[in-house]
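There are 2 protein chains.
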Amino acid sequence: MQDKTERTLADLRRINDETCRKFQSGIELVGKRWSASILLAAARGAERFTDYYDLVEGISDRLLAQRLRELEHHQLLKRTVLASTPVQIRYTLTERGRELLVGLTPLIRWGEKWDSHE
Amino acid sequence: MQDKTERTLADLRRINDETCRKFQSGIELVGKRWSASILLAAARGAERFTDYYDLVEGISDRLLAQRLRELEHHQLLKRTVLASTPVQIRYTLTERGRELLVGLTPLIRWGEKWDSHE
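Chains as they are written, first to last, in our numbering: chain F, 1 to 118; chain X, 1001 to 1118.
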């Protein structure tokens, strides 16, 4: 494990400015207040606005609507309108969103180990 | 690869609210403007204030000072004062910061694949 950490850190020494910029954009996107929790809610099965509202503890409906739009804009969530009466709207993970979440799982484990509230 | 994605997403369905909260705190911490770039700079060998200033493109010295304090407060960077004349200050990754960076490498690869600026 220690070796793997050293190897990964050695690789990181060689990354270039362009990669840094992309990484910074990506992490700022998911690092916005609630964004990560919304993506996790999607992974946990949320689809309707009310599903997200229930799963993302403490968010306001206004902010939830805004974040859903942002995540849709960045193609992490897909918005589907069902032709029912009344019209129903679903938000589900895109392939891009799924890959992002998978990439974030080490951070979930890190969070378990190092509780940031401490 | 597809199977691995499915398995990981299936695992994510089962995470609890407490884990979600820790994850949200962790990602908001590194998702703050410049924080991730500063940690990457540390991995790339930055130690002195001016090293960080050179490597983190576009940051102001005031904001850099603030972020270094925050990352030190959250025990991701360690501040060392060298008893020289003049006094020299070094910021280096802690074990916690190293593990976080290693955990973030899949996100770096994700950023390469899906440029968030598009």
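What the hints contain is simulated information worked out from the structure, not anything from laboratory work. Hints may contain errors.
One-sided and incomplete, this derived list gives chain X residues near chain F with beta-carbon spacing under 8 Å [claimed, not checked]:
(1) Val1030
(2) Gly1031
(3) Ala1036
(4) Leu1040
(5) Arg1062
(6) Leu1064
(7) Gln1066
(8) Glu1072
(9) Leu1082
(10) Ala1083
(11) Gly1103
(12) Trp1110
(13) Gly1111
(14) Glu1112
Quick reminder that beta carbons are idealized off the backbone N, C-alpha and C, glycines included.
**Item:** Numbered hints the structure breaks, given as an ascending list
**Value:** Violated hints (numbers, rising): 5, 6, 7, 8, 9 and 10; every other hint is consistent with the structure.
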